[in-house]
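Chains as they are written, first to last, in our numbering: chain R, 1 to 331; chain F, 1 to 338.
In short, the hints are calculated from the structure, not lab data. Beta carbons are placed, not taken as given, at the ideal position from N, Cα and C, and that holds for glycine. Any given hint could turn out to be false.
Pairs of lysine-lysine, DSBU-like flavour, derived with a Cα cap of 35 Å [unchecked claim]:
#: 1; chain 1: R; residue 1: K57; chain 2: R; residue 2: K128
#: 2; chain 1: R; residue 1: K57; chain 2: F; residue 2: K128
#: 3; chain 1: R; residue 1: K30; chain 2: F; residue 2: K128
If the Cβ cut is set under 8 Å, some of the chain F residues that face chain R in the computed set are [what the hints assert, rightly or not]:
#: 4; residue: I38
#: 5; residue: A39
#: 6; residue: A42
#: 7; residue: T182
Interface residues of chain R toward chain F, partial, derived using beta-carbon atoms under 10 Å [to be verified]:
#: 8; residue: F49
#: 9; residue: D50
#: 10; residue: R51
#: 11; residue: M52
#: 12; residue: K57
#: 13; residue: A107
#: 14; residue: E143
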Amino acid sequence: MSAHGGPAAKTERLLNLVLCLLYTRRPLPKSKIREVVPQYRSAASGEAFDRMFERDKDELRELGIPLVTEDVSTVWEDETGYRIDQREYALPEIAFEPDELAVLGLASRTWAHASLAGPAAQALRKLKASGIERDSESLIGIEPRLRTSEPAFDDVKNAVLVRQEISFDYRRAGEGETSRRRVQPWGLASWHGRWYLTGHDLDRDAPRVFRLSRISGTVSRQGQAGAFEVPSDHRPRDMIRTAVGEHEPQRAVLQARHGRGQALRRRAASVTEGAQGWSVLEVKYSDPEAFADEVTGYGADVLVLEPEEVRGAVIRRLEGAAAAHDGEGRA
Amino acid sequence: MSGARGRGAGRVQESATARLARLLTMVPWLVNRQGIDIAEAAAGLGVSEQQLEDDLQLLFMCGYGQMPDELIDAQWEGGRVFVTNADTIARPLRLGVDEALTLMVGLRALAAVPGIGEREAIERALAKLEQATGASAEAAARVDVAIDEGVEAQLLADARRALEQSRRVHLRYLVPSRDEATERDVDPMRVLNLESRWYLEGWCHLAQDTRLFRMDRIERLEVLDEDGTPPPHARHRDLDAGTFVPREDDLVVTLRLLPGATWVSDYYPVDTVEVADDGSQTVRLRTPDTLWLCRLLWRLGGRGIVLEPAVLATEVRDGAEAALAAYQGLGGADAASG
Numbered sequence: 001m002s003a004h005g006g007p008a009a010k011t012e013r014l015l016n017l018v019l020c021l022l023y024t025r026r027p028l029p030k031s032k033i034r035e036v037v038p039q040y041r042s043a044a045s046g047e048a049f050d051r052m053f054e055r056d057k058d059e060l061r062e063l064g065i066p067l068v069t070e071d072v073s074t075v076w077e078d079e080t081g082y083r084i085d086q087r088e089y090a091l092p093e094i095a096f097e098p099d100e101l102a103v104l105g106l107a108s109r110t111w112a113h114a115s116l117a118g119p120a121a122q123a124l125r126k127l128k129a130s131g132i133e134r135d136s137e138s139l140i141g142i143e144p145r146l147r148t149s150e151p152a153f154d155d156v157k158n159a160v161l162v163r164q165e166i167s168f169d170y171r172r173a174g175e176g177e178t179s180r181r182r183v184q185p186w187g188l189a190s191w192h193g194r195w196y197l198t199g200h201d202l203d204r205d206a207p208r209v210f211r212l213s214r215i216s217g218t219v220s221r222q223g224q225a226g227a228f229e230v231p232s233d234h235r236p237r238d239m240i241r242t243a244v245g246e247h248e249p250q251r252a253v254l255q256a257r258h259g260r261g262q263a264l265r266r267r268a269a270s271v272t273e274g275a276q277g278w279s280v281l282e283v284k285y286s287d288p289e290a291f292a293d294e295v296t297g298y299g300a301d302v303l304v305l306e307p308e309e310v311r312g313a314v315i316r317r318l319e320g321a322a323a324a325h326d327g328e329g330r331a
Numbered sequence: 001m002s003g004a005r006g007r008g009a010g011r012v013q014e015s016a017t018a019r020l021a022r023l024l025t026m027v028p029w030l031v032n033r034q035g036i037d038i039a040e041a042a043a044g045l046g047v048s049e050q051q052l053e054d055d056l057q058l059l060f061m062c063g064y065g066q067m068p069d070e071l072i073d074a075q076w077e078g079g080r081v082f083v084t085n086a087d088t089i090a091r092p093l094r095l096g097v098d099e100a101l102t103l104m105v106g107l108r109a110l111a112a113v114p115g116i117g118e119r120e121a122i123e124r125a126l127a128k129l130e131q132a133t134g135a136s137a138e139a140a141a142r143v144d145v146a147i148d149e150g151v152e153a154q155l156l157a158d159a160r161r162a163l164e165q166s167r168r169v170h171l172r173y174l175v176p177s178r179d180e181a182t183e184r185d186v187d188p189m190r191v192l193n194l195e196s197r198w199y200l201e202g203w204c205h206l207a208q209d210t211r212l213f214r215m216d217r218i219e220r221l222e223v224l225d226e227d228g229t230p231p232p233h234a235r236h237r238d239l240d241a242g243t244f245v246p247r248e249d250d251l252v253v254t255l256r257l258l259p260g261a262t263w264v265s266d267y268y269p270v271d272t273v274e275v276a277d278d279g280s281q282t283v284r285l286r287t288p289d290t291l292w293l294c295r296l297l298w299r300l301g302g303r304g305i306v307l308e309p310a311v312l313a314t315e316v317r318d319g320a321e322a323a324l325a326a327y328q329g330l331g332g333a334d335a336a337s338g
C-alpha cells in the first residue's frame with residue numbers, strides 16, 4: 001500500500017473515486033463512497049473526509065469529468081448522491097480514416113515545441129486509443145510548428161477560453177514605460193509569427209489589439225468566467241490585420257547598384273537599367289517605416305528617390321546610426 | 001510496495017490530478033493493445049519505462065471496490081503489458097478544452113497552407129472533431145493561427161513533390177545578408193513552417209552540410225531527375241534554439257539597445273542580456289559575419305550601438321556615412337530622372 005500522503009496516494013484515491021462513480025448505476029451517497037474508497041475509509045475523522053471529498057470533487061470537475069449530484073433522499077433522511085454518467089464521460093467512438101489521422105497527427109505536432117505540447121499529444125492519444133495507428137503523417141512532408149515563447153500566453157489563452165476579464169501591464173510600441181490595461185479578452189491569434197490578443201479595452205471603452213510579447217509581469221483575472229459575450233462576428237485575425245496595419249500599397253522609386261538589392265529587384269514592378277552602374281526600381285510597399293528599415297539595410301547600395309516620406313526616414317536612420325558610432329568607434 | 005518512491009529525481013513533479021488525467025488516457029490505449037512490448041508502450045505514451053511501471057503498479061491498486069475481482073488487473077512480467085478488468089475506464093475521457101483547441105487550431109492552420117493536397121481529409125477530420133467536442137469547439141474557434149503567408153503554392157508543391165519522390169533539387173537562392181543570389185543542389189529533408197515562415201531543410205551539396213532555406217528567398221526551384229536521398233550522416237538542424245545556430249569560433253559582439261530597439265534580443269539569439277533601470281539593454285551575441293549586423297544597426301538608426309569590438313563600430317559608422325554621402329550626391333529627388 002502507498003503512504004497516505006504524497007501525490008501518488010492522492011492519484012490512487014482520485015482514481016478509485018472515478019472508478020466507483022462510473023461503475024455505479026444509482027447515485028452513491030457520501031457515506032457509501034467513504035466505505036468503498038479505502039483512502040477515505042482511513043481518513044482521521046468525518047470532518048477530514050468531508051474536506052477531502054469536497055476538494056476531490058472540484059478537482060475532478062476541473063479535469064472535465066462530469067460528476068453529477070442527484071437527490072437520493074428517503075423518507076428517513078435527506079441525502080445527496082453522486083455519480084459519473086458513462087455517456088457524458090467517454091469520448092464518443094469516432095472512426096477516423098487513415099488520412100484523417102495523418103492530418104490530426106500533423107495538427108498535434110504543430111504544438112510540439114509550444115506550451116500546449118502536452119495537451120496536443122494527449123488529445124491525439126485519446127483519438128488513437130482504439131485504433132492501430134500507422135505513421136502516415138510523415139508522408140505529408142510538411143511540418144508546421146508553432147511557438148508560444150511569450151510568458152503571458154497560457155494566462156491569456158485561458159482567459160480567452162473561459163471569457164474572464166483580465167488586467168496586465170502593457171508596453172506600447174517604441175516606449176519603455178508600461179500602463180495598466182483592463183480587457184475583456186475576445187480572441188487570440190498568431191499572425192506573422194507573433195501572438196496577439198484582441199478584446200474590449202474597458203478603460204478606453206473600445207476594441208483593442210495587444211501584442212503578447214509586450215505584456216510584462218503577471219496577468220490577473222477579475223470577476224466571473226463567462227462574464228461577457230464575444231461579438232458573434234468577431235474574427236481575431238481580421239481585427240489584427242486592420243489594427244497592426246496592412247495598408248494600401250504605395251509606390252516607391254529606388255536607385256540600386258548593379259547586382260545589388262536582390263530581394264527588392266525580385267519584387268520590383270519594373271527595373272530600368274540606368275547609367276553609371278545604377279538601375280532604377282519601382283517597388284510597392286505598405287508600411288513606410290518598415291520599408292525604410294528594409295532599404296536602410298542596403299546602405300549605400302540602394303537609395304530612395306521617392307517618396308520623400310521614405311527617403312527622409314532612411315536618412316534619419318543613417319544619421320542616427322552614424323552619430324551613435326562616432327566616438328567609441330574612433331578609439 | 002509502491003514503486004513510486006524510486007522515481008528519478010530532477011524532473012518537475014507531476015501533480016496528482018495531471019497524473020490521473022494521464023492514467024485515464026493510458027488505460028484505454030493499453031486495453032486496446034494487449035501484450036504490447038513495454039518499451040514500445042512507454043514510447044507511444046511519451047513516458048519512461050520506469051514511469052510506466054510505476055503507473056501500472058498504481059493501477060493495480062485501484063478498482064471500483066476493493067475485492068480482487070473489482071480491481072484493475074495490470075501485468076507486465078516478461079516485458080509485455082496487459083491491462084484487464086478496466087471496463088469502466090476503457091474509453092478515454094472526452095477532450096478537454098486545451099486538447100480540442102490544439103487539434104482544431106492545428107487543423108485549421110493546415111487547411112490554409114497553399115496548395116495542400118489533404119484539404120479534404122482536414123475538413124472531414126475537423127467535422128468529426130467538432131461533433132465530438134461540442135462546447136470546446138466553440139471556445140477553440142476564438143484562437144486563430146495564420147501560417148499561410150509568404151510562399152507560392154507552386155513552390156511549396158514542388159518542394160513537397162521532390163521530398164515525396166526523393167529527388168534532388170536545384171535552387172537559385174538569395175542570401176540577403178550578402179545581398180547575392182547563389183546556385184546550389186540540395187537533397188530535401190523536410191519542409192517546415194516556423195513562426196509563420198516556410199523553410200526547406202536539406203543537404204546542401206555546396207556547403208556539404210544541412211541547411212535551412214527560407215522559401216520566400218528561393219528564386220527558382222527545379223526538381224531534378226537525380227536521386228535526392230540525403231547522405232546517411234545528414235542530421236536535422238536543432239530547431240529549438242531557432243533557425244540561427246551560433247558557432248564557437250564566432251565573433252563576440254556587445255551591443256547597447258535603447259528602448260525601441262530591445263526587440264532585437266527577442267528576435268536574435270543572444271548569449272546574455274542585462275537590463276538597465278531606463279529599460280535599455282546590454283546584450284552579448286556571437287556571429288560568423290558582421291555584414292548583417294551593420295545592416296541591422298543602420299536600420300536601428302542609433303537605437304542600437306556597438307560597444308565592442310571597436311572595429312565593428314567603425315564599420316557601421318563608415319557605411320552609414322557612405323550612404324549619406326551618396327544621398328548628398330543625388331542632390332534632390334530630381335536627380336532620379338537625370
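For each hint, the structure was consulted:
{"no.": "1", "hint": "R/K57 - R/K128", "in the structure": "28 Å, holds"}
{"no.": "2", "hint": "R/K57 - F/K128", "in the structure": "30 Å, holds"}
{"no.": "3", "hint": "R/K30 - F/K128", "in the structure": "38 Å, violated"}
{"no.": "4", "hint": "I38", "in the structure": "17 Å, violated"}
{"no.": "5", "hint": "A39", "in the structure": "17 Å, violated"}
{"no.": "6", "hint": "A42", "in the structure": "13 Å, violated"}
{"no.": "7", "hint": "T182", "in the structure": "10 Å, violated"}
{"no.": "8", "hint": "F49", "in the structure": "17 Å, violated"}
{"no.": "9", "hint": "D50", "in the structure": "19 Å, violated"}
{"no.": "10", "hint": "R51", "in the structure": "16 Å, violated"}
{"no.": "11", "hint": "M52", "in the structure": "12 Å, violated"}
{"no.": "12", "hint": "K57", "in the structure": "12 Å, violated"}
{"no.": "13", "hint": "A107", "in the structure": "3 Å, holds"}
{"no.": "14", "hint": "E143", "in the structure": "5 Å, holds"}
The structure fails hints 3, 4, 5, 6, 7, 8, 9, 10, 11 and 12 (numbered hints given earlier, in ascending order).
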